[in-house]
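Enquirer: Chain by chain, the residues:
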Amino acid sequence: MSLEQELRRALARKDPPRGFDDRVLSKIAAGGTVRVPASVPRWRRASLPIAASLLLAMGTTYYVHQQQRAAEAHVRAEQAAHDVVLALQITSETISAAQAKVQEMTRYEPKNDY
Amino acid sequence: MQMAAALPHAPALSGDELLAQARAGSESAFAALVREHQAMVYGVAYHFLQSWAQAEELAQDVFLALHLNLSRVESARHMVFWLRRVTSNRCIDAVRSAQRRRELPMDEIPEPSVTPRVNDPLMGELLRALVAELAPDARIVVTLRFQEDLDMAEIAAITDMPVNTVKSHLRRSMDALRRRLKDKGHVYES
Chain D
1 MSLEQELRRA LARKDPPRGF DDRVLSKIAA GGTVRVPASV PRWRRASLPI
51 AASLLLAMGT TYYVHQQQRA AEAHVRAEQA AHDVVLALQI TSETISAAQA
101 KVQEMTRYEP KNDY
Chain G
1 MQMAAALPHA PALSGDELLA QARAGSESAF AALVREHQAM VYGVAYHFLQ
51 SWAQAEELAQ DVFLALHLNL SRVESARHMV FWLRRVTSNR CIDAVRSAQR
101 RRELPMDEIP EPSVTPRVND PLMGELLRAL VAELAPDARI VVTLRFQEDL
151 DMAEIAAITD MPVNTVKSHL RRSMDALRRR LKDKGHVYES
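Top line first, the protein sequences correspond to chains D and G.
Residue numbers for the first sequence follow our numbering, beginning at 1 and rising by one.
Residue numbers for the second sequence follow our numbering, beginning at 1 and rising by one.
Rather than coming from a laboratory, the hints here were simulated on the basis of the structure.
You may find that some hints are simply not true.
Unchecked claim - Pairs of lysine to any residue, SDA-like flavour, derived with a Cα cap of 25 Å:
1) D/K14 - G/E57
2) D/K14 - G/D183
3) G/K167 - G/P121
4) G/K184 - D/M1
5) D/K14 - G/A53
6) D/K14 - G/A24
7) D/K27 - G/L122
8) G/K167 - D/R107
9) D/K27 - G/K184
10) D/K14 - G/A132
11) D/K14 - G/P162
12) G/K184 - D/R8
13) D/K14 - G/G185
14) D/K27 - G/S51
15) G/K184 - D/Q5
16) G/K167 - D/A10
17) D/K27 - G/W52
18) D/K101 - D/I90
19) D/K27 - G/M161
20) D/K14 - G/G15
21) D/K27 - G/E125
22) D/K27 - G/K167
23) G/K182 - D/K27
24) G/K167 - G/L122
25) D/K14 - G/N164
26) D/K14 - G/E125
Note that the structure is predicted; figures quoted are calculated from it, not measured.
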């Protein structure tokens with residue numbers, strides 16, 4: 001006999017204990033309510049992946065936002081550095097011009113050769 | 001309402017006629033439907049749960065649910081599908097929610113006290129014990145396949161599993177059963 005045949009024999013339909021139909025009808029007559037097994041509802045089974053997806057989406061949004069802010073701060077810092085360099089250049093040029101002027105004025109002043 | 005005992009002398013009615021009468025409120029027609037399908041519902045529950053008491057409770061609940069949903073059952077054929085589906089779902093829910101038993105890998109199933117021979121009545125007991133230790137999804141596939149003689153597509157429709165998943169559960173379960181039986185000296189060809 002094959003395993004399939006053995007299984008068909010072992011798992012044949014089985015009658016319940018005598019009086020099963022009467023017990024079912026008694027329950028119905030007594031207004032029996034169906035016990036719903038405490039299984040995990042589909043929406044709760046789906047809630048974990050949904051929550052994980054939401055967290056991932058929120059995390060990604062936060063990361064992208066942070067990256068944007070960092071990039072903006074970097075641009076601002078570069079601009080500020082550029083401004084400082086420009087200000088130093090202007091200052092330096094101003095000082096050089098003043099210095100040149102002073103040197104030019106002092107060149108024509110009589111020397112006090114005592 | 002008629003009493004259930006009033007039917008034995010009544011002419012045999014088809015499943016669809018009984019269903020129509022049950023829907024119209026005939027208690028005896030509903031009792032006849034219960035008697036017609038109780039071995040199927042109780043059998044699946046018993047082979048799955050391996051407990052007389054739990055199988056009786058679950059089967060009663062399935063027929064109570066049928067009584068409450070008679071208006072939604074379209075035909076006798078639909079009722080059989082409905083009963084198999086509800087029974088299968090409740091069996092799996094019962095095991096998963098209560099976690100009554102720890103699922104053991106096939107190699108950890110305790111040895112039965114007597115090693116049965118082929119064609120020995122105890123072989124049935126051994127096979128039922130081995131099937132009962134399968135994971136719930138695989139167990140319901142094997143039970144529906146060999147108790148109800150259903151094909152893969154029918155099992156897939158009842159259990160809401162893809163056909164390939166049903167095939168995979170069946171193939172792996174059969175391999176595991178063959179391995180386990182071989183360890184006991186019972187060799188079955190694939």
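Enquirer: Each of the hints needs a verdict: does it hold here or not?
Expert: Checked hints:
1. Straight-line distance between C-alpha atoms of D/K14 and G/E57 comes to about 15 Å, which keeps the hinted pair within the 25 Å bound.
2. A distance of roughly 29 Å separates the Cα atoms of D/K14 and G/D183; the hinted pair therefore is violated under the 25 Å criterion.
3. Proposed proximity of G/K167 and G/P121 is contradicted: the alpha carbons are some 29 Å apart, above 25 Å.
4. Among the hinted pairs, G/K184 with D/M1 is consistent with the structure: their alpha-carbon atoms are about 16 Å apart, no more than 25 Å.
5. Between D/K14 and G/A53 the alpha-carbon distance is near 14 Å, which keeps this suggested pair within the 25 Å criterion.
6. A hinted pair counts as satisfied when its Cα atoms are at most 25 Å apart, and D/K14 with G/A24 does not qualify at roughly 29 Å.
7. For the hint linking D/K27 to G/L122, the alpha-carbon distance of about 36 Å lies beyond 25 Å, and the restraint is violated.
8. Between the alpha carbons of G/K167 and D/R107 the distance comes to roughly 106 Å, so the proposed pair goes past 25 Å and is violated.
9. The suggested pairing of D/K27 with G/K184 is violated, with an alpha-carbon distance near 45 Å, which exceeds 25 Å.
10. With a CA separation close to 16 Å, the supplied pair D/K14 and G/A132 stays within the 25 Å bound.
11. Our distance criterion of 25 Å between C-alpha atoms is broken by D/K14 and G/P162, whose separation comes to about 28 Å.
12. At roughly 20 Å between alpha-carbon atoms, G/K184 and D/R8 fall within 25 Å of each other, so this suggested pair holds.
13. For the hint pairing D/K14 with G/G185, the CA-to-CA distance comes to about 28 Å; that exceeds 25 Å, so the pair is violated.
14. With a CA separation close to 21 Å, the supplied pair D/K27 and G/S51 stays within the 25 Å bound.
15. Of the pairs offered as hints, the one joining G/K184 and D/Q5 holds, with about 18 Å between alpha carbons and a cut-off of 25 Å not exceeded.
16. A distance of roughly 21 Å separates the Cα atoms of G/K167 and D/A10; the hinted pair therefore holds under the 25 Å criterion.
17. A C-alpha spacing of about 18 Å is found between D/K27 and G/W52, which places the hinted pair at or below 25 Å, so the restraint holds.
18. Proximity of D/K101 to D/I90 is assessed by CA-CA distance (about 16 Å); at most 25 Å being required, the pair is judged to hold.
19. A C-alpha spacing of about 33 Å is found between D/K27 and G/M161, which places the hinted pair above 25 Å, so the restraint is violated.
20. Among the hinted pairs, D/K14 with G/G15 is consistent with the structure: their alpha-carbon atoms are about 20 Å apart, no more than 25 Å.
21. Distance check on the hinted pair: D/K27 and G/E125 sit about 32 Å apart at the alpha-carbon level, beyond 25 Å; violated.
22. In summary, the hint linking D/K27 to G/K167 is not supported, as the alpha carbons are separated by about 39 Å, beyond the 25 Å threshold.
23. With a C-alpha separation of about 46 Å, the suggested pairing of G/K182 with D/K27 is violated against the 25 Å cut-off.
24. For the proposed pair G/K167 and G/L122, the alpha carbon gap of about 28 Å is over 25 Å, so the pair is violated.
25. For the hint pairing D/K14 with G/N164, the CA-to-CA distance comes to about 29 Å; that exceeds 25 Å, so the pair is violated.
26. Taken as a hint, the D/K14 and G/E125 pair is honoured in the structure, with Cα atoms around 14 Å apart against an allowance of 25 Å.
Hints 2, 3, 6, 7, 8, 9, 11, 13, 19, 21, 22, 23, 24 and 25 from the earlier list are contradicted by this structure; the remaining hints agree with it.
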